[in-house]
Structures are given as C-alpha cells and as structure tokens.
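Asks: Residues per chain, in single letters:
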Amino acid sequence: MHIPDGFLSPEICALMYVISIAFLVWSWKKVRATYSRSLVPLLAVSSAFVFAAQMINFPIVYGTSGHLVGGTFLSILLGPYAAIMSMTIVLMMQALFFADGGLFTFGANIFNMAVIGGLSFFLVKILTKNPKRSGRFLATVFAASWLSVVLGALVCGLQIGFSPVFSDAGGITVTLPAMLFWHALIGLGEAAITTTLVSQLHRLQPAVLNGLAILRGRLE
Amino acid sequence: MKRYLEALILILIALAVLIPFASNLPDGLEKVAESLGIEEYSPTWTGLMPDYALPTIEDPYISTLLAGTLGVLLVLGVAFMLGIAITKPNKQ
Chain A
1 MHIPDGFLSP EICALMYVIS IAFLVWSWKK VRATYSRSLV PLLAVSSAFV
51 FAAQMINFPI VYGTSGHLVG GTFLSILLGP YAAIMSMTIV LMMQALFFAD
101 GGLFTFGANI FNMAVIGGLS FFLVKILTKN PKRSGRFLAT VFAASWLSVV
151 LGALVCGLQI GFSPVFSDAG GITVTLPAML FWHALIGLGE AAITTTLVSQ
201 LHRLQPAVLN GLAILRGRLE
Chain B
1 MKRYLEALIL ILIALAVLIP FASNLPDGLE KVAESLGIEE YSPTWTGLMP
51 DYALPTIEDP YISTLLAGTL GVLLVLGVAF MLGIAITKPN KQ
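Listed in order, the protein sequences are those of chains A and B.
According to our numbering, the first sequence is numbered sequentially starting from 1.
According to our numbering, the second sequence is numbered sequentially starting from 1.
Isolated chain B, as found in the complex (with noise of 0.2 Å):
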C-alpha cells in the first residue's frame, strides 16, 4: 500500500510541474470542427470546474492545481470504491 501512496504523492507532483507547460492549442477534434467553422456550443452542464479551474480563484496555476488535483483524488476515490464493489473479499 505505501508503494501505491508513492504513486499518488509522484503523480501530483508531477501534475504540479508540468501544468505550465501544458499545451492551451486546441486538440485534434477541436481542430477539426474549427477548420469547418463548427463551434462549439456553451454547454448546458459546465461542471463545477470547467476547463480544469476553479472558478473562484484568479491565479491561473493555483486553480488549474486545485482542480486537478481535486480531480485526482476523486477520480481516485471513485475508482477504489467501485473496485471494492466489483471485487469479491478473499479472491485471490
């Protein structure tokens, strides 16, 4: 268990270093509907995050973190608990 809590702590660390190098281009799917004049629409459900930012915090870096790592963890939690759903006890 503590190699995978090394996992995590790495994996927000290196959310932490390489958000500012991340890319704002469009991607590929965005290019595509962009290059035919197609935009997107605002959508009717934006989230709580949307664009992987907090929308109360002003500093760039600071919310996409936040978010991200909120994310993380929540993805985290969701995934364990439906493990433990799906899995039965003592299997080996």
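Bound conformation, chain A alone (with noise of 0.2 Å):
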C-alpha cells in the first residue's frame, strides 16, 4: 500500500503531510508524557520486526500479493502513540533508502498505515471489556487489524482517485472499490498474522504486551 512518487497531486501531498505531521506531533507528546524509558529497546526491537515482515510478501489471489503492514500490531505491543512513532521510522527508511513509498506521498503513506494503524488500537479497546478474556481480546485483534488494513486502503483510494493520475483513469467510482476489494483480501492474511503473533506474545511473553497496561494504567 506504499504510495510512490507520480501517484498523487501536490495539493493532496501537501495536506497529508499536515494531517500526518499533526498526528506526529500529538504522538510525540503523548510518548513524551507517558512513556518510560524501559520500553525503548522493545520499541526498536518491534519497529526492525515490522520491517522485515514488511519485505515479505504473501500471494492472495488473481496474481496478487499483500504483506503484514503491522500497525495494530504495534500499537498493542507499544501502546497507539509509540506505535505511530515506530511506524513512522520504518516507512521513513523504506523510502529513504529501498525507494519503497515517494518522499512527496510520504505524508499520505503515513496516514494510511501508521496513524490508521496505531489508532486501531482504540478498537481493540472499546471492544475488549475484559482483557482477562482472551478469546475475546483475540477476537477484537483480528477485528482490528483487518479493519486498519481496509480502512487505510479506503483513504489510499480516496487520495489516488482524486489525483488527476487516477481521476483521467475513471477516479473514486473505479479506485475505491477495486482498492477495498484486494485490501479486504490482503487485511485477512494481516488479521491472521496480527491474531497469531499476538497470541503467542500473549501465551509466552504477556509482559511485552505494553498497550493495554498503558492505556488503562496511565492515561485514564
């Protein structure tokens, strides 16, 4: 879902780049009032893992692939702000230096997987009345994460459609629901791998399963 170059109009580029940098800003804030210090090196241990899940795609169908984005991911292991942050640091490298998203579509591609996806987080919470519950709090994960993956390809969809590269091309009436479809796809395998790896963190290493504890603990 990595938005190159050529793709969007400026005006679009310019405005995603406002959205997200607000984004950025309130997050930082938010690590900076609430985090402590010993979560740092799980921060940089979960960011390198998205990246390298990130570089491995899994075929869907009709000659289609898809690979985990991680968002929720992070934010239930780091919380929905340091999840932002993490985020935000491995579509920096990938298109600083793999040319894997534009720099001018960086803003967009910042909104559509790192705010959406750490913002998921707050899914999970409404849904999840009793964290004990793991069937129940599983359930929400695979909810969640399915939801980021459609959510963000419907905003990708959006921005595309209503730059003039799509727009020529039939616009939001044909980007839309052809974006929603693969990602309805691809969010199911992100679902899976999201449920599956959190499930185990939650059998073996429930401690580094900080999301939930810093929300209820810290902020409310």
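Just so you know, the hints here were simulated from the structure itself, not pulled from any lab data.
None of the values given here were measured: they were computed from a predicted structure.
Beta-carbon label-pair distances, calculated as ranges:
| no. | chain 1 | residue 1 | chain 2 | residue 2 | range |
| --- | --- | --- | --- | --- | --- |
| 1 | A | Ile172 | B | Leu48 | 32 to 38 Å |
| 2 | A | Ile172 | B | Ile57 | 41 to 47 Å |
| 3 | A | Gln205 | B | Ile84 | 21 to 27 Å |
| 4 | A | Ile172 | B | Arg3 | 45 to 51 Å |
| 5 | B | Ile84 | A | Ala207 | 18 to 24 Å |
| 6 | B | Ile9 | A | Leu15 | 38 to 44 Å |
| 7 | A | Phe122 | B | Ile84 | 25 to 31 Å |
| 8 | A | Ser199 | B | Leu18 | 18 to 24 Å |
| 9 | B | Ile62 | A | Pro177 | 36 to 42 Å |
| 10 | A | Pro206 | B | Thr46 | 39 to 45 Å |
A virtual CB, placed ideally from N, CA and C, is assigned to each residue, including glycine.
The two chains are supplied separately, each in an independent frame; assemble them into the complex guided by the hints.
Replies: Written out as structure tokens, the structure reads:
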C-alpha cells in the first residue's frame, strides 16, 4: 500500500503531510508524557520486526500479493502513540533507502499505515471489555487489524482517486472498489498474522503487550 | 536486554528463511494501478537499495538478505535513538 511518487497530486501530498505531522506532534507529546525509558528496547526491536515482516509478501488471489503492515500489532505492543512513531520510522527508512513509498507521498503513507494502524488500538480497547478473557481480546485484535488495512486502503483509494493520474482513469468510482476488494483480502492475511503473533506473545511473553496496560494504567 | 537480542536474532533468521518464499506479485495498490494501465514513474529518488537489493551484488538472495539485514539494523538504530530522545531518563 506504499504510494510511490507520481501517483498523488501536489495538493493531496501537502494536505496529507499537514494531517500526518499533526498526528506525529500529538503522538510525540503523548509518548513524552507517559512512556518510560524501559520501553525503548521494545520500541526498537518491534520496529525492526515490522520492517522485516513488510519485506515478506504473501500471495493472495488473481496474481496479487500483500504483506503485513503491522500497525495494529505495534499498537498492542507499544500503545497507539509509540506505534505511530515506530511505523513512521519504518516508512521513512523504506522511502529513504529502499525506494518503497515516495518522498512527496510520505505524508499520505504515514497517515494510511502509521496513523490508522496506531489508532486501530482504540477499537481493540473499546471492544475488549475484559482483557483477561483472551478469546474476546484476540477476536478484537483480528477485527482491528483487518479494519486497519481496509480503512488504510479506503483512504488510499480516495487519495489516488482524486489525483489526476487516476481521476483520468475513472477516479474514485474505480479506485475505491478496487482498493477495497484487494485489501479486504490482504487484510485477512494481516489479521491472521497479527492474531497469531499476539496470541503467541500473550502466552509466552505477556509482559511485552504494553498497549492495554499503558492506556489503562496511565491515561485513564 | 538479552531477550531483545534473542528476538533480533530470531527476526534475522526468519528473514533469511522466508525471503525465498516472498511473493514478487504486485501488491494491492500496484495491481489497481496496473489494471488501470497506470505505470509507476521511475522515481527521482531511488534510494541506495531500490527494491530491497544491493545494486553491486548479483546473487538475488544474498543481495536481498543483505539489504534486509541493513534495513533491520537501520530501523533498530533509528527507533532506539528516537526512543532515547523522546523519553525522560529514570521515569518509571
């Protein structure tokens, strides 16, 4: 879902930069106010994991592939604010060194993957009434990670659909259904991988699932 | 800290094992662009390792593995530095 340079109009690129920078400032302040330094190694390693995971594309159907985005996964480990920062670092390194995602479209990519991924945490929080019931917790993780990819694709479909390159080819009436179709499928992969990872960590290393503890303990 | 080092090694091993199985098919957005006949511009900024490959190494597996390992270490380092910059010391 990394948008390359050339796909978005300058106005949409600029708008998405403004929106994403606002979210980054907000996350920065939240992380600064609430996070302990002991979380730093987990931030580093989980960011590195997401970078590696995003390299491994899995085939879906009809000659298309997808890969884990990892926004929901990061938010369960780090909480929503550090997850947004973590994913932004991954996207920045991909754009700077690997030509994966453009520089002008960087703001849009931050919004579609980092911001939406991080904020998907709140869906888990709302739907998980009691995190001790792990079945319900994992079901909400599945739903939130699927939705994070589909919502990202929806916004991406709007961004490209309103940009000249794609609006000449039919605009949002074409781009929205196409993006939603593919990413509804890719999102199932995202949800399956995220739920598997979270359930294994829940079993083996529950202490690293800081997301729920952070919100419950410090911000309520 | 030892746990995190183990996790990092595990990530690199998983990467080395899974790279040959990674799909080269277009992703969702690329597929949409392709189906509309839209081609990606050749980017003005290609980065140092475009498409996760080191340009000087011919073997595609080694090239991707090295690029991926560099990327993992890069992200690890930058995230660590950001974490140190953003959190206050001795805060529980």
